[in-house]
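**Q** Place chain R on chain X using the hints.
There are 2 protein chains.
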Amino acid sequence: MQTKLYFDTNHIKKETKDSLFACVQKESESIGYYNLPNQDTSEILAYADGFDENIEHIVVLGIGGSSLGAKAIDEFLKPVKKPKRQLHFFESTDPINIAANLSAIDMDKAHFLIISKSGGTVETISIFKYIFAPRPQSENYTFITDVDSNLDKFAKDLGSKVFYLPENVGGRFSVLSVVGLLPLALAGVDITSLLKGARDVKESFFENGHLHTSLLEKAVFYAKHHTTYNINCLFAYSDTLKYFSEWYVQLWGESLGKKQRHSTFHVGMTPIGLIGPKDQHSFLQLIMEGTRDKSVTFIKIKDFEYEMFIPPITLPHLEALDNVNGVAFHELIDLQCTSVMESLQNKGDIPLDEIVIDQVNEESIGGLMYYYELLTSLVGELIDVNTYDQPGVEEGKIILKKKLTK
Amino acid sequence: MQTKLYFDTNHIKKETKDSLFACVQKESESIGYYNLPNQDTSEILAYADGFDENIEHIVVLGIGGSSLGAKAIDEFLKPVKKPKRQLHFFESTDPINIAANLSAIDMDKAHFLIISKSGGTVETISIFKYIFAPRPQSENYTFITDVDSNLDKFAKDLGSKVFYLPENVGGRFSVLSVVGLLPLALAGVDITSLLKGARDVKESFFENGHLHTSLLEKAVFYAKHHTTYNINCLFAYSDTLKYFSEWYVQLWGESLGKKQRHSTFHVGMTPIGLIGPKDQHSFLQLIMEGTRDKSVTFIKIKDFEYEMFIPPITLPHLEALDNVNGVAFHELIDLQCTSVMESLQNKGDIPLDEIVIDQVNEESIGGLMYYYELLTSLVGELIDVNTYDQPGVEEGKIILKKKLTK
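Residue numbers (the working numbering), protein chains in the order written: chain X, 1 to 406; chain R, 1 to 406.
Note that these hints are calculated values from the structure, not bench results.
Here the structure is a predicted model, which means the values were calculated and not measured.
All C-beta atoms, glycine included, are put in the ideal place defined by N, C-alpha and C.
One or more hints might be untrue.
[To be verified] SDA-like, lysine to any residue: derived pairs with alpha carbons at most 25 Å apart:
id: 1; chain 1: R; residue 1: LYS82; chain 2: R; residue 2: ASN54
id: 2; chain 1: X; residue 1: LYS81; chain 2: X; residue 2: LYS406
id: 3; chain 1: X; residue 1: LYS347; chain 2: R; residue 2: GLU394
id: 4; chain 1: R; residue 1: LYS397; chain 2: R; residue 2: GLN260
id: 5; chain 1: X; residue 1: LYS4; chain 2: X; residue 2: GLU203
id: 6; chain 1: X; residue 1: LYS4; chain 2: R; residue 2: LYS397
id: 7; chain 1: X; residue 1: LYS406; chain 2: R; residue 2: ALA320
id: 8; chain 1: X; residue 1: LYS242; chain 2: X; residue 2: PRO83
id: 9; chain 1: R; residue 1: LYS224; chain 2: X; residue 2: HIS266
id: 10; chain 1: X; residue 1: LYS84; chain 2: R; residue 2: ALA99
id: 11; chain 1: X; residue 1: LYS401; chain 2: R; residue 2: LYS302
id: 12; chain 1: X; residue 1: LYS403; chain 2: R; residue 2: LYS300
id: 13; chain 1: X; residue 1: LYS242; chain 2: X; residue 2: ILE105
id: 14; chain 1: R; residue 1: LYS403; chain 2: X; residue 2: GLU331
id: 15; chain 1: X; residue 1: LYS397; chain 2: X; residue 2: LEU382
id: 16; chain 1: X; residue 1: LYS397; chain 2: R; residue 2: ASN325
id: 17; chain 1: R; residue 1: LYS406; chain 2: X; residue 2: PRO311
[To be verified] Only some residues are given here: those of chain X computed to face chain R with a beta carbon under 7 Å:
id: 18; residue: GLY209
id: 19; residue: PRO311
id: 20; residue: LEU321
id: 21; residue: VAL340
Just chain X, with the same shape it has in the complex:
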């Protein structure tokens, strides 16, 4: 992974960076996600290795942090690496969506992963009841939950296999835990390489590699200007990163949209996921000419590994487009990204930066996700919020409970 900041970081003092780094170093002793790249995955690997070869569909019942990460990685890799088993995600109570999802699954060749930290997630348990009632056999299910949660107790009574969430890992930081690793391993994803990618980023940041200064400076810039540039666009030039965007939106929005710890002011940075070149024809106009409240991070893939060329043919009356003749599509998309970046740089008042990942593979996505987790922690520290809770979503749940009890 290569990164480049196009905004001015000269004003950032060394002591600011040092003190931020010290905070995060201390935090990493108690917050669980930091250490996930170094975990022991032998239980997961053994389980996937010995898994029933007749199972073709892995159905994840989970929502938010229990599904977005695995889905992002699956959708990223799927177009280039044929999965061993198909992953399905039930993330909605929309009956149309549930029916459509079910119709794509051969139930005799399906296994269900029920993922809920507490076991009290209304969407997950409602759908689970629907699936479970006609097929209550324990071997159809694997559970991922907290030790001693009610779901853990249920699963044990049922006699199904249970995996446990590691301590102090919140849902939106759990992609590199068993929550993401188990479904991905069952789908044939190389989770060892995934963690290797994350570990490389971790080491680069914590052991003074090239990401150390870059991440600290980006975080300080974002935090310093968080009331001016309160919208953070992630412009990824590959369709494979579409669901990564959704993962980013949850991570960034739910972590940083808070009351400040000390002032209790409402703060928050709004994440936007964009895909190029498509969104050049949609959101770009707003970035170029709209209110100056947005920063933009471009993500590029260095090597698409697809040698697909535009045929060198001249179409009568369309000779103006002969300039694409013989160009590879991967060159074209790269030039499109560079051109848009240059056009934004010319404005002079839109903070830009760039992340280049190597390829569409496990290492790249593992590294990219860990990079964003670190960035989120760093910014959260600076804007004085609790990055790891989500108190704002409880009220709606309480109201729903009352309505359901009526």
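**A** For chain R alone, kept in the frame of chain X given last:
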């Protein structure tokens, strides 16, 4: 369609609304999209009616306004109405995406729609060259473009059928023109009902129906507070509206993200598309506790037409979730939406409103899209921008052209 505004509109004077209405009435004489619900569709219907029954795949080569609208409607209806033909959209120069798209199409049963106003769209023509080089037969292609564009001339020389964009209809307002109607008609969508839905909204607004005041007041409120609430979230409680969100993002962002006509200040309202209940577990925290810079519109479906119940079973240790027993999923999702709305209302400083559409059918989506087009025009008028141009995206295209010429 039913709508309800939960923010205070008492301060809005009658003369403000009247003068805004007069402006839009005048504008509707020259801007083409207003009259699309009343267009003559006989040519499109006849073409679809006589279309080769062996064709199973309709492949749209188009990007931005040339694809987002038809895709939104197709994805909305697809789960409940099996399409007559499958629609595919090529909207990217990402070689991985192009290869994955192609692998899903039986080329012997495919027909291609090339949609480009000018004929100079680099993405569309590049992919067209790739498709066209090995299969240059005219009968494989239908073109939609401006009269006398270079693409029109090319298509005529080739001997393919050409449809023309109506006058003064920009890409992002073109869904109800031939741009959206032709692919949809070929997929078996009832375009007459689609336009009927739009016409109902048009008449309600222009002929003093229930949407007249509601739309004017919503626009005035949004415009008046556009620097405070500069982020407009659309929270749709059905997965079927996922691509409608993408269409909304282009419409809203590209229309309103501008330099003001008179001040040349940068203004712009940032659109966010959310899907419930999924995004309760993602973006909701940011709305609840983050910066007070967001308005939220909830979209509900009144009648899902899916009688799917949660089985009334008690799961040991999970008795707390017995409150969903026997509840229909459509009731649950409705209660979830209402609960979140109430929790946001309790905050007192987040502007909310609600749109209820009847069913997942053509009339509903036609009406919803026309509603949003009207709202965009109204707000654009008030914040003093040219709603219909997109000058900001040209610079990147010019830079790309230079790079390609090198």
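**Q** If a hint holds in the structure, say so; if it does not, say that too.
**A** Consistency of the hints with the structure:
With a C-alpha separation of about 17 Å, the suggested pair LYS82(R) and ASN54(R) falls inside the 25 Å cut-off, and the hint holds. Distance hint between LYS81(X) and LYS406(X) is unfulfilled; the C-alpha atoms sit about 49 Å from each other, more than 25 Å. In summary, the hint linking LYS347(X) to GLU394(R) is supported, as the alpha carbons are separated by about 13 Å, within the 25 Å threshold. In summary, the hint linking LYS397(R) to GLN260(R) is supported, as the alpha carbons are separated by about 23 Å, within the 25 Å threshold.
This hinted pair checks out: LYS4(X) and GLU203(X) have alpha carbons roughly 18 Å apart, not beyond 25 Å. Pair hint LYS4(X) plus LYS397(R) holds up; C-alpha atoms about 23 Å apart against a cutoff of 25 Å. Of the pairs offered as hints, the one joining LYS406(X) and ALA320(R) holds, with about 14 Å between alpha carbons and a cut-off of 25 Å not exceeded. In summary, the hint linking LYS242(X) to PRO83(X) is supported, as the alpha carbons are separated by about 18 Å, within the 25 Å threshold.
With a C-alpha separation of about 22 Å, the suggested pairing of LYS224(R) with HIS266(X) holds against the 25 Å cut-off. Distance hint between LYS84(X) and ALA99(R) is fulfilled; the C-alpha atoms sit about 20 Å from each other, no more than 25 Å. Of the pairs offered as hints, the one joining LYS401(X) and LYS302(R) holds, with about 21 Å between alpha carbons and a cut-off of 25 Å not exceeded. With a C-alpha separation of about 18 Å, the suggested pairing of LYS403(X) with LYS300(R) holds against the 25 Å cut-off.
Restraint check for LYS242(X) and ILE105(X): the C-alpha separation of about 23 Å stays at or below 25 Å, so the hint holds. A threshold of 25 Å between alpha carbons decides the hint, and for LYS403(R) with GLU331(X) the separation of about 11 Å falls inside it, so the pair holds. For the given pair, LYS397(X) sits about 30 Å from LEU382(X) by alpha-carbon distance, which is inconsistent with the 25 Å threshold. Taken as a hint, the LYS397(X) and ASN325(R) pair is honoured in the structure, with Cα atoms around 17 Å apart against an allowance of 25 Å.
Our distance criterion of 25 Å between C-alpha atoms is met by LYS406(R) and PRO311(X), whose separation comes to about 18 Å. For GLY209(X), the shortest C-beta to C-beta distance to chain R is roughly 29 Å, which exceeds 7 Å, and the interface hint is violated. Below 7 Å, beta-carbon pairs count as interface contacts, and PRO311(X) has one with chain R at about 4 Å; its hint therefore holds. For LEU321(X), the shortest C-beta to C-beta distance to chain R is roughly 5 Å, which falls under 7 Å, so the interface hint holds.
Restraint check, VAL340(X) versus chain R: the minimum CB separation of about 4 Å is within 7 Å; hint holds.
Hints 2, 15, 18 from the earlier list are contradicted by this structure; the remaining hints agree with it.
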